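**Q** Here are the chains, one letter per residue:
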Amino acid sequence: METLIILLIGILVAVATYLILSRNIIRVILGTAVLSHAVHLLILTLGGLKKGNVPLLTEADAPYTDALPQALILTAIVISFAVTAFILVLAYRAYQDIGTDDLDALRGTNDE
Amino acid sequence: MMNNIIVLPLIIPIMVGVILVFLRPYVKTQRVISLVTLLGMVGISLYILNKIQTEGILRLDFGGWEPPFGILFVADSFAMLFVLTANIVTAICLIYAFSSIGESYEKMFFYPFVLFLIAGVNGSFLTGDLFNLFVCFEVMLLASYVLVTLGGKKAQLRESIKYVVINILSSWFFLVALAYLYGSLGTLNMAHLSERVAEAGQGPLLTTISILFLIVFSLKAGLLLFFWLPGSYSVPPTAIAALFGALLTKVGIYALFRTFTLIFYHEPSITHTLIGIMAGATLVLGCIGAIAYKDVRLIASYNVVIAVGFILVGLAVATEVSLEGSIYYVIHDMVAKAMLFLIVGTMIALTGKTKINEISGLIRNYPLFGWMVFVVTCSLAGIPPLSGFVGKVLVGQGAIESGSYILLALAFMSSIVVLYSLLRIFLNSIFGETIISVEDEVPLKKGMIISIVLLAIGTVSLGLGAEFISGYVSDAAHTLFNPSVYIEAVLGGNK
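So the protein sequences, as listed, match chains A and B. Here the first sequence stands for residues 1 to 112, where the numbers follow this note's numbering. Here the second sequence stands for residues 1001 to 1495, where the numbers follow this note's numbering.
Here chain B stands alone, though its shape is the one from the complex (with noise of 0.2 Å):
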């Protein structure tokens, strides 16, 4: 089916974006824009969630250029989930920001580089060709680089020109990957590429561009390459190393499910078996540095790399039942790692300190941040009924049933320490001798703490309701089980 309002997601973003820059001056016009701009967009993505339930698969042919020959927007239940979340998401987090983020910033294009940063996220993840998919990357990982050197902190330049340039030699990789596929197959449309490596067959060297492809989305992912991934996540301020925390790695993430499931599924004996043992000692390094540090931020920060290395066990067994815990668990990381990092952010606000140790007696100066950080523990641990629950299972039922029992292990033992991680962090600081006196006491602002339970409210209705979303969920791990239904949505003509 062909659509046009499957291109608002990435449009819609840039021109406002652009009218924003010439706006500098008027914060609170930049506010009000932003925000109806991201909700317009939710609303969209919801509009066109729907549609693929009754439609089937949405396409776009630009310039009207028929697949494979011109480049394509198609959106799945898959992606549509990923661009609802990520757009939910950046709401609120740009809530957050009102109230925390500061004049400097916001006169300093803040709101113009959010909105280009979220088109090349909904743009990665609407894209039907890889090398476009190479572009949206690019504009994603462009706003993402001015993001962090933002406010140019000294430690902020510092991980920054790491950031950068890890970022540009992945993306050189992509390149290679993406000319040595051409150079082979003659085509760049996922579909297409799909059906040739089909009728070819997977040969080695196909096998060795798919891996290829592999190190290029596990950089980007931080799949066991997330060296780079502490370090920058934990220096730019709290809203934005929200939306990175809960955005970036999921599109790397995004790539690897659909290259692996749609592209390269043929010699899951080579390509998936690495990927479970990258996913394997992602999950071991992520809890050794969730346990290792006092730093909060850093705490956090390896949270993200242990729930990467949770999400690709699932793509490692491959059964239908793991995709689907997968993408459950995607949704509820979305939600539950910005609510973290926003948390984190407002801890090290109110106290001005970033060791566990250095905090402490938190609820009793501000009760229901408290009881919020219990609610992210409980989550992220997945404790019914909040969201990580119904994943975990999942993905513990799929792993179960193609008899990898090691990731499951590891997968459950990294809750465990998940838990542990952050119950450290609550028992230490949120509990105890308090150590701010009443008239020291900084107030918690309104807008910090609305966010917060915004996404509080996510993770729970997200446990609660997961009923709500299953029949989404189980219509993109169809898709993503059957690479049929996407390359007949695409190759199979104008219905």
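Just chain A, same shape as in the assembly (with noise of 0.2 Å):
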């Protein structure tokens, strides 16, 4: 199971990193959605893929689930929620201003 998870990983971080390369500012934000729920699966894996028992020390013998990967998880998707909106406001923004969503013609000259 964990190698399995491991590969999906790895193609969704294969996928995420083609987003991000392209010129398209949409195309890079739905890459950096992506690359999050990459990172979040990782977390998860590398904390053990167990079934196991609660995780009360002295309740259960043995194996139990080591439920602080979930803390964490969810700490970090309330975050990548919160950029990635905020990311998506400020693209339309500079869509509705500059008029472009090519990311080559965001680079800018020094005569503004």
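Check before you lean on any hint, since a few could be wrong.
Stretch by stretch, here's where chain B covers chain A in the computed footprint (C-beta under 8 Å, at least three residues) [said to hold, decoys possible]: (1) 24-32; (2) 65-79; (3) 82-95.
What the hints contain is simulated information worked out from the structure, not anything from laboratory work. In this text, all values refer to a predicted model and were calculated from it rather than measured experimentally. We put the beta carbon where it would ideally sit given N, CA and C, even for glycine.
Assemble the dimeric complex from its two separately framed chains, guided by the hints.
**A** Here is the structure:
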């Protein structure tokens, strides 16, 4: 199971990298969203994908499931949600004002 | 020692910031409340800093979960010196903002977001948990995203997209590094991590993870990976740019110092050599940038880069003396960089021009302002008795002790370049033929010059009163150099 998940993470990272390297800003944003999913899965996998007991040290004998990765992921999801929402608004505003969503056109010149 | 007071530098700005959101139309009230809050936090930081000297490192376990199980805040002298300086500098930048930022910004939640920013910065300095550090980073970064876009000028929107994307990527690397670290060591408490790394030995795997952390924090600090920095620091309004220049890179620097003195200090031949190479390259590239441009904002931004390189030289050679020097230098740099950015912004506000060859003779119109430029030039170049001197001497002494002569040479060459790049501003724009006739003179607002003078007083008194803070700094360096002090304070149980 771990191997499968790791493969999935690899695919997600590959897809995200492809998207981030494109010139269209919406694709870049989608890329960052996919990237964050990949890392959430990675945290979950590295914490151990055990099917086990509740995480109460004294109650259960063994093997108990580590609940911490899920807490970490929850926090990370909230943060990436907020950041994605912000950058979507930012991209839309930039599109309205500058009139392009092509990152090559956003290079900027020194004489402004 | 448990103490609830150390959560205040995080919680007060957040709560006050939320209250200020509701006071949106009342600009004057917002000004008073935010300034009073920051001054209050300066007082609290001073109190905590002195308490640490008598009672040792303070900590707070949230929810009563004892380390290593819960999240905790740890306040040692190193963290508190950063918190104290950050709050002082922010208060002074706010005074500048009062007279310069404009009502449209003030009504669009400028003050709440400055407070959220400082909350994130303080949290990053105080936390004792690596994942919590990530969260505090994000609090700070989200506030900075808003502040860098506030105003919505075309250049701001353009640069902020790059700034946000690069920071999302570096946060992603941070999470990956955290996942690997948790997978291999099973903990994220910094003291506990340090203990486990020491037990298990820092093998190739852990060293690789440490390099991942190095990349993440280098992106935040602008160590070698600073390509995003000059653009995004030169577009926002002056007061915000000064805050960024003074605070944001310092948080990355703090994280680098913390991880590479507390957790990953076992393989200095790999990690610290790498830091040394990156610091050297940063110094060289920053120097080239500082000389190459004529835009005063870009010159100031590249000066930030040079300072990052210089501070990290202290970490690369990693002797107790050099760490002490770096701490001095960070404190000095927060004050002096804020002053530099405020001065540069004031020059642009007064003349409406950005290039040094277009501005000339400001000292005839604004004599006090002209001399302030001279003070900041001397201070950043490290001329005694100003504040840059002590840090430079101690970093140099550390570099000689450990025989890193190349870094030593680069570090001191960079001081000369800093002096040259700032003297260029001084000679071109401050001296020379005056371009503003008496009738066209834009009056220099009192708030602007007061905040610049306050920072000048700060840099002078840091230089003259180095003796006064040396106790705190050497305690901070002692804790950094001896990880066992920190570990004992966190994991040693409740005394």
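**Q** Would you check chain B against the stretch 24-32 of chain A, counting CB to CB pairs closer than 8 Å, and say if three or more residues qualify?
**A** That given contact holds, which follows from 3 residues of the stretch 24-32 of chain A lying within Cβ reach (below 8 Å) of chain B.
**Q** Can you tell me if the stretch 65-79 of chain A counts as covered by chain B, using C-beta to C-beta distances under 8 Å and a minimum of three residues?
**A** holds (count 6)
**Q** Examine the stretch 82-95 of chain A for residues whose CB is less than 8 Å from any CB of chain B, and state whether their number is three or more.
**A** holds (count 8)
In terms of the numbered hints stated before, the structure departs from none.
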